[in-house]
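Chemist: Residues per chain, in single letters:
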Amino acid sequence: DAKTTQPTSMDCAEGRAANLPCNHSTISGNEYVYWYRQIHSQGPQYIIHGLKNNETNEMASLIITEDRKSSTLILPHATLRDTAVYYCIVRVESTGNQFYFGTGTSLTVIP
Amino acid sequence: DSGVTQTPKHLITATGQRVTLRCSPRSGDLSVYWYQQSLDQGLQFLIQYYNGEERAKGNILERFSAQQFPDLHSELNLSSLELGDSALYFCASSAGGGSSSEQYFGPGTRLTVT
Numbered sequence: 001d002a003k004t005t006q007p008t009s010m011d012c013a014e015g016r017a018a019n020l021p022c023n024h025s026t027i028s029g030n031e032y033v034y035w036y037r038q039i040h041s042q043g044p045q046y047i048i049h050g051l052k053n054n055e056t057n058e059m060a061s062l063i064i065t066e067d068r069k070s071s072t073l074i075l076p077h078a079t080l081r082d083t084a085v086y087y088c089i090v091r092v093e094s095t096g097n098q099f100y101f102g103t104g105t106s107l108t109v110i111p
Numbered sequence: 001d002s003g004v005t006q007t008p009k010h011l012i013t014a015t016g017q018r019v020t021l022r023c024s025p026r027s028g029d030l031s032v033y034w035y036q037q038s039l040d041q042g043l044q045f046l047i048q049y050y051n052g053e054e055r056a057k058g059n060i061l062e063r064f065s066a067q068q069f070p071d072l073h074s075e076l077n078l079s080s081l082e083l084g085d086s087a088l089y090f091c092a093s094s095a096g097g098g099s100s101s102e103q104y105f106g107p108g109t110r111l112t113v114t
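In the order they appear, the protein sequences are chains A and B. According to the numbering used here, the residues represented by the first sequence are 1 to 111, in order. According to the numbering used here, the residues represented by the second sequence are 1 to 114, in order.
Check before you lean on any hint, since a few could be wrong.
[What the hints assert, rightly or not] Residues on chain B that point at chain A, a partial pick, calculated with CB under 10 Å:
| no. | residue |
| --- | --- |
| 1 | Ile47 |
| 2 | Gln48 |
| 3 | Phe105 |
| 4 | Gly108 |
Source of the hints: derived by calculation from the structure; they are not laboratory data. Ideal Cβ placement from N, Cα and C applies to all residues, glycine included.
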């Protein structure tokens, strides 16, 4: 079963905020939402995660809707180095907490 | 740099052979995860170890096996290799094994089976 739905690709102008949406309508109450990104064939890089509340760190902000059925990752000032595939992951606690990566969103930051 | 190391970076071998991929987790992390990334399948979870014990299994073939040693490093053994096993293999580690622990990924091992 698909746990998350993301747009296949997005563009963002350099210096502008990049808003990456994710739908996770079947999420359970104790399942976390994680965001990772992968640049070319490098190892996926952790960005942020949250359960119910909005979260912010030095890389990004995570906005989770009140019903938890969707979320948005915000990169406040996108740079060319933010061009990557972004994965929204719902961590399935009942199956050992491993990550199930979908196809992600390919974000291209345009100069 | 995530703190997770993987060796070798590249591996080229022939069909039918056996290889071993090695992973050293971040200092203090008890959990190790293995993932396979091929062009047509994306990132697929293979197996997880927590403090030396197998914790969860994903889409791991019977020809593949793994273990985590007392010093917490892990090895992924791939045998009877087929062309379709060509892929990037990533190791990740986390402090615990629970759903609130973020995973940190290594740089990967690129396996090419000819």
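Chemist: For every hint, state whether the structure bears it out.
Modeler: Here is how each hint holds up against the structure:
1. Ile47: Where the cut-off is 10 Å and the nearest Cβ of chain A is about 9 Å from Ile47 of chain B, the hint holds.
2. Gln48: holds (6 Å)
3. Phe105: holds (3 Å)
4. Gly108: holds (5 Å)
The structure shown violates none of the earlier numbered hints.
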